[in-house]
Amino acid sequence: MTGQRPDDEFLRSHISDLPESIDPGRDLWPQIEGRLKPRARVRPWRTLYQLAAAIALVVISSAVTWFLARRSVAPVVVVATAPVDRAGLARLARAGDVMEEGLSSSYLAPETRAVLARNLVVIDSAIAECQRALDADPGSPVLAGLLRAAHRQRVEFLQQAARLPRS
Amino acid sequence: MDPDALTLEVRRAQAGDADAFAALYRAHVGRVHAVCLRLEGDSAAAEERTQDVFVRAWDRLPSFRHESAFGTWLHRLAVNVVLAHRRAEWRRDLRVKVVEEPELYEAPRSATDPGTKLDLDAAMVTLPPGARAVFVLHDIEGYGHAEIAEMTGIAVGTSKAQLFRARRLLRKALER
Numbered sequence: 001m002t003g004q005r006p007d008d009e010f011l012r013s014h015i016s017d018l019p020e021s022i023d024p025g026r027d028l029w030p031q032i033e034g035r036l037k038p039r040a041r042v043r044p045w046r047t048l049y050q051l052a053a054a055i056a057l058v059v060i061s062s063a064v065t066w067f068l069a070r071r072s073v074a075p076v077v078v079v080a081t082a083p084v085d086r087a088g089l090a091r092l093a094r095a096g097d098v099m100e101e102g103l104s105s106s107y108l109a110p111e112t113r114a115v116l117a118r119n120l121v122v123i124d125s126a127i128a129e130c131q132r133a134l135d136a137d138p139g140s141p142v143l144a145g146l147l148r149a150a151h152r153q154r155v156e157f158l159q160q161a162a163r164l165p166r167s
Numbered sequence: 001m002d003p004d005a006l007t008l009e010v011r012r013a014q015a016g017d018a019d020a021f022a023a024l025y026r027a028h029v030g031r032v033h034a035v036c037l038r039l040e041g042d043s044a045a046a047e048e049r050t051q052d053v054f055v056r057a058w059d060r061l062p063s064f065r066h067e068s069a070f071g072t073w074l075h076r077l078a079v080n081v082v083l084a085h086r087r088a089e090w091r092r093d094l095r096v097k098v099v100e101e102p103e104l105y106e107a108p109r110s111a112t113d114p115g116t117k118l119d120l121d122a123a124m125v126t127l128p129p130g131a132r133a134v135f136v137l138h139d140i141e142g143y144g145h146a147e148i149a150e151m152t153g154i155a156v157g158t159s160k161a162q163l164f165r166a167r168r169l170l171r172k173a174l175e176r
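For the record, the sequence lines run as chains C and R. Per my numbering, residue 1 is the first one in the first sequence, and the count goes up by one each step. Per my numbering, residue 1 is the first one in the second sequence, and the count goes up by one each step.
Chain C extracted, bound-state conformation (with noise of 0.2 Å):
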């Protein structure tokens, strides 16, 4: 806006006396909350954390396995299983990073951008801890599907962050 004041102090005076704020004579909100199309509400805030709570379920829970699948001293059974889809791993990596990339965080508010990075710590420092599992034990189908279920998490988790507001 590029407007310039009257230059004369007689109509500047009166301008500058104007108040900003003029209440209407009686309650609009009625009237207006009768018009206002309803619109599927959503709470990003709330999906985000119970998100997060579900992560970090399912990152406790897959490292107990793991820890109990490790120590387990019932006799081993020798199954055929499917060797490790060690493509398909990947290919969910990759997924994960295209969509870390394009979730620009400039375009997210300062406090939903911690919320996401702290949870995404978590979740890589899960999948870091599964591909290390894998990695000393290379066949196991037990680690590969922990592997898989955190890289899917961490999918999930980046598809609900790209669908809040942006600010």
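Among the clues, some could well be false.
Covered stretches of chain R, going by a simulated chain C footprint (3 or more residues, C-beta under 8 Å) [unchecked claim]:
no. : region
1   : 26-39
2   : 48-59
3   : 127-134
4   : 149-162
Hint data in this document are derived by calculation from the structure and do not stem from the laboratory. C-beta atoms are modelled at their ideal positions from N, C-alpha and C, and glycine is treated no differently.
Go by the hints and put chain R onto chain C.
Frame of chain C; chain R shown alone:
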């Protein structure tokens, strides 16, 4: 409402929370109504436009990017809503009457009893609609003549002429 609380309410309203939008209405209705009242010059019409502004704001909130303050965004929306409603009338008023009936602008309509001292809001009501619109947009809202010309569909020169007349009429009304 402090800025952080306001941002939170805006985000909640963007997510479809009507209670949060009601809080935004309470915080901003005075400013929105003020601009509607000054542009419309009539309290019933101003209340109608104020409702229109908030209904439009609700519809457009999901696309609000927080690139400006919410109040600024809403204020601009209010101006646009009134302009959209009155554009045809103002354009006709500004183009036809200025050129063909300039004397209409020399005698402001009487809004109050003779002898009553007017404040500027009351004096503006006495202006012809087009002249009032240019005065409000330029001298109160701070728009330039080029912007006003674009918004109202009149020539820049017409906007300047209307402003000159509006100021002169207002000075007369206020000095009485």
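Now the hints, each set against the structure:
1. 26-39: Per the Cβ count (7), the hint holds.
2. 48-59: holds (count 6)
3. 127-134: That given contact is violated, which follows from only 0 residues of the region 127-134 of chain R lying within Cβ reach (below 8 Å) of chain C.
4. 149-162: violated (count 0)
Checked against the numbered hints given earlier, the structure breaks hints 3 and 4 and satisfies all the rest.
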